[in-house]
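Construct the complete structure from the given sequences, taking the supplied hints into account.
Protein chains in written order, with the working numbering: chain A, 256 to 466; chain B, 497 to 578.
In short, the hints are calculated from the structure, not lab data. Glycine included, each C-beta is placed from N, C-alpha and C at the ideal position. A hint or two may mislead.
[To be verified] Below 20 Å or equal to it, Euclidean Cα-Cα: the simulated PhoX-like pairs (lysine-lysine) are:
(1) LYS545/B <-> LYS437/A
(2) LYS334/A <-> LYS291/A
(3) LYS570/B <-> LYS450/A
(4) LYS545/B <-> LYS456/A
(5) LYS291/A <-> LYS570/B
[As the list claims (entries may be wrong)] Residues of chain B clear of chain A, computed beta-carbon distances all greater than 12 Å:
(6) MET497
(7) PRO498
(8) ASP516
(9) PRO517
(10) SER518
(11) THR519
(12) ARG520
(13) GLN521
(14) GLU522
(15) ASP524
(16) GLN525
(17) ASN558
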Amino acid sequence: MEYMTSTEPRREPLSDEQLVENAKQGDPDAFPQLVKKYSRRILRVGRNITNNDEDAEDVLQETFMKAYSHIDSFQGNSKFYTWLVRIAMNEALMKLRKRKGDKVVSLDEQLDTGEDTVTREIAVWEGNPEDRYSQEELRELLDKTITSLPESFRTVFVLRDIEELSTEETAEALNLSIPAVKSRLLRARLQLREKLTRVFKRKGEDAFAYL
Amino acid sequence: MPTCKDFLRELSDYLDDSLDPSTRQELDQHVRDCPNCWVVLDTTQKTVKIYKGCEPQAVPANVENRLLAALQKKIAERGTCS
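Encoded structure:
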């Protein structure tokens, strides 16, 4: 066996590339280590896109099962996580489409009025939200806000700003042009800013103290 | 000199630091002179930062166990096939 066995002392954790290589070589411990490392983030992608815990859990399961089944085809041209998150995004979008098919009206089907880059809320935020809200309250608020975005903006924001893929990687993952990614990212950021400002803004006489 | 509308259009690239130096400089100047654009910049920056900084929730133990059990089965199958 070429992979590092568990009886050898490990000074530092193996890189993703080494774990993938070991998994390909048949090391039974390698792929579960990648699961432990990335399962939280993949579940978050599932939640952010589907807005449904059960669907997100299915996305998690199916993403890793699919990734393992196709591990031999992963050539290392991209980072492992980038490859994984692309699988997760596809799984999540399939779930979403399937669920949408069951409904007559979808909250996501908002008309593009071209007004989504208009800034209506111009107010500074009151202190630091991280200090004013518990992690749990904040997460709930952020989740609720992101899932109120149209799907086409949400997918780009999740990949670019939360999962930190590059513009090029996001374009490739979503089969979009680079200008389309940039335009959707701008609109997503501005819409989220608008919605969060309604919650976090400084109220009363100090609201315009920056002027 | 860029207008507020120009600034808004370039905001994402401004935040991502992917503008050419002369455009960047012009927009820097605009933000210094325009309190409203400064607020939009500041609150958009905070919006991105707050999402980036939010730690993902833990995976429920039963969900992770279900996944690991299914994987172990698949890994064992692969072992016997090779």
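Consistency of the hints with the structure:
1. At roughly 18 Å between alpha-carbon atoms, LYS545/B and LYS437/A fall within 20 Å of each other, so this suggested pair holds.
2. For the suggested pair LYS334/A and LYS291/A, the alpha carbons sit about 17 Å apart, so the restraint of at most 20 Å is met.
3. The straight-line distance between the Cα atoms of LYS570/B and LYS450/A is roughly 44 Å, outside the 20 Å bound, and the hint therefore fails.
4. Distance restraint check for LYS545/B and LYS456/A: the Cα-Cα separation of roughly 16 Å lies within the 20 Å cut-off, and the hinted pair is therefore satisfied.
5. Our distance criterion of 20 Å between C-alpha atoms is met by LYS291/A and LYS570/B, whose separation comes to about 17 Å.
6. Against the 12 Å criterion, MET497/B stays outside the reach of chain A, whose nearest CB is about 19 Å from its own CB.
7. Residue placement check: PRO498/B keeps its beta carbon more than 12 Å from all beta carbons of chain A (closest about 15 Å).
8. Consistency note on ASP516/B: stated as away from chain A, and its beta-carbon is indeed over 12 Å from all of that chain's, at 15 Å minimum.
9. For PRO517/B, the requirement that its beta carbon stay farther than 12 Å from each beta carbon of chain A is met, with the minimum near 19 Å.
10. Non-interface status of SER518/B relative to chain A is upheld: no Cβ of that chain comes within 12 Å, the nearest being about 19 Å off.
11. Non-interface status of THR519/B relative to chain A is upheld: no Cβ of that chain comes within 12 Å, the nearest being about 14 Å off.
12. Interface exclusion of ARG520/B from chain A stands, the closest Cβ pair being 16 Å apart, more than 12 Å.
13. With a minimum CB-CB distance of about 21 Å to chain A, GLN521/B clears the 12 Å threshold, and the non-interface call stands.
14. No beta-carbon of chain A comes within 12 Å of the beta-carbon of GLU522/B; the shortest separation is about 18 Å.
15. For ASP524/B, the requirement that its beta carbon stay farther than 12 Å from each beta carbon of chain A is met, with the minimum near 17 Å.
16. The claim that GLN525/B lies off the interface holds: its Cβ sits roughly 18 Å from the closest Cβ of chain A, which is beyond the 12 Å cut-off.
17. At roughly 9 Å from the closest C-beta of chain A, the C-beta of ASN558/B falls inside 12 Å, breaking its exclusion from the interface.
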